[in-house]
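Join the two chains, each given in its own frame, into one complex according to the hints.
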Amino acid sequence: MNTMKTTMAGLMAAAWIAGTALAGDANRIVVDGSTTVGPIAKAFAEHYMEKNPGVNVTVSESGSGNGAKSLVNAACDVATMSRPMKNSEKKAARDAGILPIEHVVAMDGIALAVHKSNPIADLTVEQIRDVYAGKIRRWSELGGPDQPIVAISRDTNSGTYECFETLVMNQQKMGEKVEYVGSNGAIRQRVMSTPGAIGYVGLAFTEGVKTVTVEGVEATPETVVAKEYPIARPLYMYTNGRPKAGTPLADFAGLSGTPEGKQMIADTGFVPLP
Amino acid sequence: MDGSARERGSLRLSRGTRRRQRLAAAAGQLFLLAVTSLSALAVFAIFYFIARDAIPFFRLEGFKEFFTSTRWYPSAEQAEFGALAIFVGSGLVTLGAALVAVPLGIAAAVCLSDVLPFSARQVVKPVIEMLAAIPSVAYGFFALVVLAPLLQRSGGPVLAAAAWIVGAPVAALLAFILSDLLADRFPERAQRRARWAFLILLGSGAVAALSVAGRALSGLEIPSGTNALNVSLILGIMALPTVVSVSEDALQAAGRELREGSYALGATRAETLLRTILPAARSGILAAVILGIMRAIGETMVVWMASGNASQIPEPWYNLLEPVRTLTATIAGDMGEADHVTGSARYHVLFAMALCLLTVSFLCNLGSEWVLRRTRRKAGG
Numbered sequence: 000m001n002t003m004k005t006t007m008a009g010l011m012a013a014a015w016i017a018g019t020a021l022a023g024d025a026n027r028i029v030v031d032g033s034t035t036v037g038p039i040a041k042a043f044a045e046h047y048m049e050k051n052p053g054v055n056v057t058v059s060e061s062g063s064g065n066g067a068k069s070l071v072n073a074a075c076d077v078a079t080m081s082r083p084m085k086n087s088e089k090k091a092a093r094d095a096g097i098l099p100i101e102h103v104v105a106m107d108g109i110a111l112a113v114h115k116s117n118p119i120a121d122l123t124v125e126q127i128r129d130v131y132a133g134k135i136r137r138w139s140e141l142g143g144p145d146q147p148i149v150a151i152s153r154d155t156n157s158g159t160y161e162c163f164e165t166l167v168m169n170q171q172k173m174g175e176k177v178e179y180v181g182s183n184g185a186i187r188q189r190v191m192s193t194p195g196a197i198g199y200v201g202l203a204f205t206e207g208v209k210t211v212t213v214e215g216v217e218a219t220p221e222t223v224v225a226k227e228y229p230i231a232r233p234l235y236m237y238t239n240g241r242p243k244a245g246t247p248l249a250d251f252a253g254l255s256g257t258p259e260g261k262q263m264i265a266d267t268g269f270v271p272l273p
Numbered sequence: 000m001d002g003s004a005r006e007r008g009s010l011r012l013s014r015g016t017r018r019r020q021r022l023a024a025a026a027g028q029l030f031l032l033a034v035t036s037l038s039a040l041a042v043f044a045i046f047y048f049i050a051r052d053a054i055p056f057f058r059l060e061g062f063k064e065f066f067t068s069t070r071w072y073p074s075a076e077q078a079e080f081g082a083l084a085i086f087v088g089s090g091l092v093t094l095g096a097a098l099v100a101v102p103l104g105i106a107a108a109v110c111l112s113d114v115l116p117f118s119a120r121q122v123v124k125p126v127i128e129m130l131a132a133i134p135s136v137a138y139g140f141f142a143l144v145v146l147a148p149l150l151q152r153s154g155g156p157v158l159a160a161a162a163w164i165v166g167a168p169v170a171a172l173l174a175f176i177l178s179d180l181l182a183d184r185f186p187e188r189a190q191r192r193a194r195w196a197f198l199i200l201l202g203s204g205a206v207a208a209l210s211v212a213g214r215a216l217s218g219l220e221i222p223s224g225t226n227a228l229n230v231s232l233i234l235g236i237m238a239l240p241t242v243v244s245v246s247e248d249a250l251q252a253a254g255r256e257l258r259e260g261s262y263a264l265g266a267t268r269a270e271t272l273l274r275t276i277l278p279a280a281r282s283g284i285l286a287a288v289i290l291g292i293m294r295a296i297g298e299t300m301v302v303w304m305a306s307g308n309a310s311q312i313p314e315p316w317y318n319l320l321e322p323v324r325t326l327t328a329t330i331a332g333d334m335g336e337a338d339h340v341t342g343s344a345r346y347h348v349l350f351a352m353a354l355c356l357l358t359v360s361f362l363c364n365l366g367s368e369w370v371l372r373r374t375r376r377k378a379g380g
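Sequence order for the protein chains is G and V.
Using numbering that gives the first Met the number 0, you'd call the opening residue of the first sequence number 0 and step up by one each time.
Using numbering that gives the first Met the number 0, you'd call the opening residue of the second sequence number 0 and step up by one each time.
Here chain V stands alone, though its shape is the one from the complex (with noise of 0.2 Å):
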């Protein structure tokens, strides 16, 4: 009797037994679920303190100064909080920064997927995802002792230089596709020549564009090395391997079947790639530059140590070679003397600065769902 009462109870539980087994599921998906609405919680948690010590700024001083008014004198005892000259220095760099990282990020991330052998691939992706494990002040400290004295004291020709290394390869191919494209226009016999006559022309041409700009670009001298360019380039640097990772991702999910199915039309490798691969992973490109600017847009250590934190808007706007001051910058420095005791406006500002900063970003992150949700709705139509 006792042995079938154990064979009874080990095939069909008891209710005591169903029971726990009914809370411990329970609580388990209790506990996954305050664990999961925890990040989201802490989201809230974070915009409404924000907010909360950044309204008495604009409750103390109001709007216009701090969005019209481009001088910022927190310490001075009569004190003007113009933040606008802040937000274009912030606005500037990570524009330069974009201009780095995407051209060369999307390049790099083409390349990765579909024009390096596996072999190779395996090697370089790891290296561009390093760039990702350098501390953010290693990068600054380079940008102090390194790029900056470098671009003072000689600037005009590591830009001509540049411009030549970025200029000759771009240049190289644009005046191969337009020789193609224009030479098709030709009658049957004659394309051949027509095609070499439109790349020597075509060609000279670009060299004589990139060397008056190389010439113009050395003859310029650099007073100041930490300005918005050299925060621009390492930057860029900082916001790459998000870019590669995330477009090098999206490059791959876009699936071998187009490729073979583009290849089995005739394609040649470029129009594949052009055509067919980049528009179907277009949403995961856009995708990566948004979380890339996003990288550029909330770095604070590099900016503070080689952006100059001067705040003016540069003369012209686009003078990438002027010392900026961005948001960060501003916030993680002016922070130490700020009285969160006496609770004054030059603390609020803090607040109010990183307010902003929080919804350019949650903006950002509502303009890329946007655009992935209604790409995905017009590949499903």
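So that you can see chain G by itself, here it is in the shape it has in the complex (with noise of 0.2 Å):
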């Protein structure tokens, strides 16, 4: 066991070394940051490196705040976000002689799903938070009918979860009696299946249940482009300076602009920016 931890560890000094060398190598772009952009990224990777078998795209998923210290140790080529790049990164970022350029990538968006015969129509986010907190416990009290409302979330591990956490809840901690589940597939089953559900999914997963507008606003990609619908957010590509055009670095965090990354955008349940 111990020779296996020495050989993990040193695997990993040399994955660690390797990246901090390799980062700036022009054939070679480390990706590295936030769990929610990582599908993206992974999907951009591989079509990349299918297009250039000459570069080699490596990516890792190890949150954002990680992804902004990479990028800071020069140990990573482009850090990926699911929030913008806070203050104090940046001001480390410039300590140390980088200086990150952001690239919105992508729209993330979160649609609030109800059951087909729910009259519900319109939610506030501060009504959406009660319930989720467990303040409003009947759909009576939203005017609706009356009947216990059955909460359904992601799991915490989920960038989903994570988005709506920061978008709606606002501090609050989640209900007890607040129902969770592994994927955004699951959640429409329940939400088809209980009348008294609502549950929170990806602008992908709306087909079979009733969305309801949110203060007003509909879900769709056009309202999250333009930043009507409140319970949304950009995704984030930073690299260090703007990367010179022609190079693999500028053609891969350009992809997102392309068709087919607006493609590859949307296949991972993300809305593309116009």
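Simulated from the structure, these hints should not be mistaken for laboratory data.
Do not rely on the hints blindly, as some may be mistaken.
The following label-pair restraints were derived from C-beta to C-beta distances [as the list claims (entries may be wrong)]:
#1 V:363 with G:142: 46 to 52 Å
#2 V:149 with G:123: 33 to 39 Å
#3 V:129 with G:123: 51 to 57 Å
Incomplete in silico selection of chain G near chain V, CB under 7 Å [claimed, not checked]:
#4 47
#5 176
#6 178
#7 182
As the structure is a computational prediction, the values presented were derived from the model and not from experiment.
Glycine included, C-beta positions come from ideal geometry on N, C-alpha and C.
Here you go:
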């Protein structure tokens, strides 16, 4: 076991050194950061390596904060983040001689889904928060039928949960009656078959359920891009300085603007920018 | 001379051959010893590695919150690791599964070993054992897609029907037995009439009680079908083959002599079963029950898919219609994001839970071992 541990540690150290040394190598792109943006980065990486066999792209998902740290330490070329870089992180970067440049790659929007028979058409963010915090327990309190609300959430591992927690819950904690399921599809399944249910899903998972408008705005790719829909956020990639046109890094970071890139973003359940 | 030497060699082994044989035997024994101790070593290794990752949690967060608080927010900025509700959830679901699997399993085992004809047993037993071959994710899918919507749509009537289906035969059996026992106290001439009178009285009482219970149940509304009841039913069915198989073996092992002796003393089949065979097979049946419970407590996929995973203690605690969260589902569901590189409390808390689970099944095993040994000594002395 000890030898294995040593080997593992050795490998990790080697990977770290390689990552540090090779960030900046023109034919190698190291991507690190958010688990939410991970699927997009992975799709981009696969696509890009297929088109450019000479370039090696590695994608890790260690969280937005760790992505920023990696960029500051020059351990990665692209930091993926599901939130903008904080001022403290920008300052740390400047001190290290790194100039983080922001690229918005896609939008992440979350639709609120209820059962088809539910007459509720619109909810405010505050009402949604109260439902999930357990302060509102019956639909009648929201002008609906007199039945208990079954609030369904994604598991705490998911980027969707993180997004919902950030944009809706506003430091409040989920109520104890909130049920947790493991995927967008499972939420849709539960909401489809449960008259009293409410759940939140990525925009690509609204078939078969009724989506309610939030603050009067319908959740569509258009309203998400226009930043009218309140439960939406941009997803970022950060690079050190603006990559020179024609380099693999510039091509990779620019993928989100190409038709193939937009298709890949839509396929992973996010909203591409127009 | 050549011939005689060869003949002697074939009868008596040379020293070299003998040494080789001894070495081969030793190597074989060593190999078998290694294989046997490997499984024992695996248990110790699992204990060691889980404990090694669990202890940092208790060092970081202490014991109090983990065992006494019901607030489970491992991902929050101010993380809270109160696992009491999760322990209660695991216990509740296991209790529910035992309520389903134990009576059903023992009844089925008795039926298989002593009631059904041999040809029917040849068909029924493999079918029951087939339940064990269904992958748990298939059970989970069934629970989520079929059972949960059914409970939500018509949970009350379904429960009422279930109460009748389970309650009616049990009530009929009890009414017969009780009326027999009560009638025995009457003088011989009145016994027949008294038996009928008691039977009608007890039977109508049971019907009245059942219809009251049925009406109460059919009025129930189940807002969320992914709850402790759903999971208990499915886990009970999953534990059934274990309980049936092991207790049927125990009943068979009670032996033909015991049964024939009982019949020879004039006992009926029911008396033989209840007074002789079941007590004789008691320890085996208890082992079956414990194995079944351990099957239910360790199941992960079904509870993750269909228990609702809400970290709460139901109100009141035995309310099976509320969603609950179990230890296994929490470990499986929270593992993905828990960061093992930084070694956060969020990662180690899952190992603390695993250690608790492991301890529980270890104690279960010890308990069953103790019971077995005690009954064996009693039977021997």
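Hint by hint, here is what the structure shows:
| no. | hint | verdict |
| --- | --- | --- |
| 1 | V:363 with G:142: 46 to 52 Å | 51 Å, holds |
| 2 | V:149 with G:123: 33 to 39 Å | 34 Å, holds |
| 3 | V:129 with G:123: 51 to 57 Å | 53 Å, holds |
| 4 | 47 | 26 Å, violated |
| 5 | 176 | 5 Å, holds |
| 6 | 178 | 4 Å, holds |
| 7 | 182 | 10 Å, violated |
Consistency with the previously given hints fails for numbers 4, 7, ordered from lowest to highest.
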